[in-house]
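Q: If you want the building blocks of each chain, they are given just below.
Protein chains: 2
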Amino acid sequence: MRAPASGGATKKPLPDVVAGNGKIYLAIEVKTTTKDKIYIDHPQIDALIEFSDIFGATPYLGMKFKYTKWLFLAPENILKTKNGNYKIEKDYCLEKALELDEICGFDTQVKF
Amino acid sequence: MRAPASGGATKKPLPDVVAGNGKIYLAIEVKTTTKDKIYIDHPQIDALIEFSDIFGATPYLGMKFKYTKWLFLAPENILKTKNGNYKIEKDYCLEKALELDEICGFDTQVKF
Chain S
972 MRAPASGGAT
982 KKPLPDVVAG
992 NGKIYLAIEV
1002 KTTTKDKIYI
1012 DHPQIDALIE
1022 FSDIFGATPY
1032 LGMKFKYTKW
1042 LFLAPENILK
1052 TKNGNYKIEK
1062 DYCLEKALEL
1072 DEICGFDTQV
1082 KF
Chain Z
972 MRAPASGGAT
982 KKPLPDVVAG
992 NGKIYLAIEV
1002 KTTTKDKIYI
1012 DHPQIDALIE
1022 FSDIFGATPY
1032 LGMKFKYTKW
1042 LFLAPENILK
1052 TKNGNYKIEK
1062 DYCLEKALEL
1072 DEICGFDTQV
1082 KF
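Residue numbers (this note's numbering), protein chains in the order written: chain S, 972 to 1083; chain Z, 972 to 1083.
Simulated from the structure, these hints should not be mistaken for lab results.
Pairs involving identical chains hold if they fit within one copy or between any two copies, as the list cannot separate such chains.
Straight-line alpha carbon distances no greater than 27 angstroms define the calculated DSS-like cross-link-like pairs of lysine-lysine that follow:
#1 983 x 1040
#2 1035 x 983
#3 1040 x 1008
#4 1061 x 1040
#5 1040 x 994
#6 983 x 1002
#7 1053 x 1006
#8 983 x 994
#9 1061 x 1006
Can you make the complete structure from the sequences, with help from the hints?
A: Here it is, written out as structure tokens:
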């Protein structure tokens, strides 16, 4: 289910999407870009984690780069920049991120 | 989390609210009235049940009558009218419905 108001303006820590399949519950913050990098302020990731803790969901950052599938990173795999915010490079994401099937539990492929 | 577009217009079976607390997940269709009766079309209840099955949530109809607290009925406790839709009387609701604490699992009081 998509959140009613996306973006950082809301005071409540709502993720962009909440999803469930009867076994797994996901809270997803979504970013798309035509560039090779995605920047995110740390309050958005903090809010994603806070909501997930309260609701009982696994938090993910969902990313769509040009020519890639949707890719998903757990907050602990998102690299901080010096100023405390987050930057995700497309190459890092292609190497480390999970695909939709994997975060839904349909595929437990381990990435090396 | 509130759904982005409430009401029966959407094709997707989204409830008005999805809530979780790490243990219990709820899908809630919400109705308020200043009258003593609430009418609901059966496709809205069908959609609530369908979403709940897919997502993995317990479905409830959440009702607010004038001078009452929020009251919650499970779909199986909602009475059908002759035409297949649903009608909930305030008195029936006060007798049979659960309160917020009860559907959140904070209180397991049995009603007689």
